[in-house]
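Go by the hints and put chain Y onto chain B.
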Amino acid sequence: METIFQGVINAIRLITSLDPELVRIILLSLQVSGLALAIATALGLPLGALLALKRLPLRGLFLSLLNTGMGIPPVVVGLFLYLILSRSGPLGFMELLYTPAAMVIAQAILSFPIVTSLSHAAIVGVDPVIRLAAQTLGATPLQEAVAVVREARYGIGAAVIAAFGRVSAEVGAVLMVGGNIAHYTRVMTTAIALETDKGNFDLGIALGIILLALSMLVNMALREMQRGGRAQTEVRLWD
Amino acid sequence: MGLTVQLTQIAKAYNGSQILADCSYTFGAGGVYILMGDNGTGKSTLFRIAALLEAPDQGEVRYLEGNEALVPDINLKRRVTMVFPRVGVFSRSVYENVAYGLKIRGMDHNLIREKVAKTLQKVGLAHKTNQPATTLSSGETMRLGLARALAIDPEILFLDEPTTHLDKANSKLIEDCLLTIRQERSLSMVIITHDASQANRLEGRKLLLSGGKIWEI
Chain B
4 METIFQGVIN
14 AIRLITSLDP
24 ELVRIILLSL
34 QVSGLALAIA
44 TALGLPLGAL
54 LALKRLPLRG
64 LFLSLLNTGM
74 GIPPVVVGLF
84 LYLILSRSGP
94 LGFMELLYTP
104 AAMVIAQAIL
114 SFPIVTSLSH
124 AAIVGVDPVI
134 RLAAQTLGAT
144 PLQEAVAVVR
154 EARYGIGAAV
164 IAAFGRVSAE
174 VGAVLMVGGN
184 IAHYTRVMTT
194 AIALETDKGN
204 FDLGIALGII
214 LLALSMLVNM
224 ALREMQRGGR
234 AQTEVRLWD
Chain Y
1018 MGLTVQLTQI
1028 AKAYNGSQIL
1038 ADCSYTFGAG
1048 GVYILMGDNG
1058 TGKSTLFRIA
1068 ALLEAPDQGE
1078 VRYLEGNEAL
1088 VPDINLKRRV
1098 TMVFPRVGVF
1108 SRSVYENVAY
1118 GLKIRGMDHN
1128 LIREKVAKTL
1138 QKVGLAHKTN
1148 QPATTLSSGE
1158 TMRLGLARAL
1168 AIDPEILFLD
1178 EPTTHLDKAN
1188 SKLIEDCLLT
1198 IRQERSLSMV
1208 IITHDASQAN
1218 RLEGRKLLLS
1228 GGKIWEI
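So the protein lines, in turn, are chains B and Y. Per the working numbering, residue 4 is the first one in the first sequence, and the count goes up by one each step. Per the working numbering, residue 1018 is the first one in the second sequence, and the count goes up by one each step.
Do not rely on the hints blindly, as some may be mistaken.
Claimed, not checked - Cut-off 20 Å, straight-line C-alpha distance, at most; resulting in silico cross-link-like pairs (DMTMM-like, lysine to aspartate or glutamate):
1) Y:K1094 - B:E147
2) Y:K1132 - Y:D1039
3) Y:K1120 - B:E147
Just so you know, these hints were derived from the structure itself, not from any lab. Quick caveat, the model's predicted, so the values are computed rather than measured.
So that you can see chain B by itself, here it is in the shape it has in the complex (with noise of 0.2 Å):
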């Protein structure tokens, strides 16, 4: 018990300080998983509006495939990863493995699913008579869609942060092909799996602080984005 309460003190300490090493994990954390979120996001947002708005040939497959991924464990997607991008593996000669980049790919793969499939959820929500009502007024295929995506940016945003949320949190794939290695590919959660091995609880608990006023602040911003599709949703009934 002692021990957890004087690596609480610590880790504030470390926090409060602004201790180097700490910031540039967190700053890693951060870097890794919003471009990987951004690459997801910029291909999973286009792909779900896609099979929301057009008859596309297999689109339950591509939807039962996307749900799949949704709960694919990280370990998973690491080792298969780690097999394509290892010296023997087909892209191992961009030598890849091992670094940020690599684990940017995991986390993207990872976060693609989820982005995609919940985007994909939020659009087919959205009345159909909003994209008759941009018909109506002299839209074009695509600036229909765009209407059409636009009304559904509450469940979009929920998408997204959701996302986020599952991969800052993960540890298997950025461990499996960014080897924790320090200044380099270390970050939040391997970084406390690392220092709990090594008996540092104060660097370990005090990311873990980190990582779950993250994880409180990303289901907050997820609440409120929630509420406020849910407010426009209750506006329209009352109506």
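Just chain Y, lined up with the frame of chain B:
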């Protein structure tokens, strides 16, 4: 010159049920037409087909300018608009809703502001310009739908039951607005209503959709 809409032998069926059959009519340029008929007779379907939002199973919809037949492309579609009984407001401000049709046409920002202000004034919603559109009452929502349609200066306006479910005050506001627009500019209006007295007040040619065809009454 104005647009003429020529419907020729239109047929449309849904789930095996024939809604429109051999339906032909010409809506002349600059005219006002009041379309009546029982529920489920296909008035809204006919509107969607005439407004180029839906293709008929058979028959042809032709838009003519003078004697010249126009290609049903986006340029023609932008000269025609329709207001549905459920307006479908965008969850943005009243201003943004009315500005939408102008923005997608790439109109200048200042012109848009001017046009939106004028149109909102016309439908009595100027004081709600910055309000979220989803918080409007049903009467105001319908007026917003009308404003959104009028802002784009359509040459043909299809109005599907614009005053159904509205109280007398809101119905009168919309009727007055339609009558004023008729005096101000030359546009064709085709209006669906179940209200015979409203049909008289709007001073248009009365039509009945029955048995899948349009009849003059």
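Evaluated hints:
1. A C-alpha spacing of about 14 Å is found between K1094 of chain Y and E147 of chain B, which places the hinted pair at or below 20 Å, so the restraint holds.
2. For the hint linking K1132 of chain Y to D1039 of chain Y, the alpha-carbon distance of about 41 Å lies beyond 20 Å, and the restraint is violated.
3. For the given pair, K1120 of chain Y sits about 13 Å from E147 of chain B by alpha-carbon distance, which is consistent with the 20 Å threshold.
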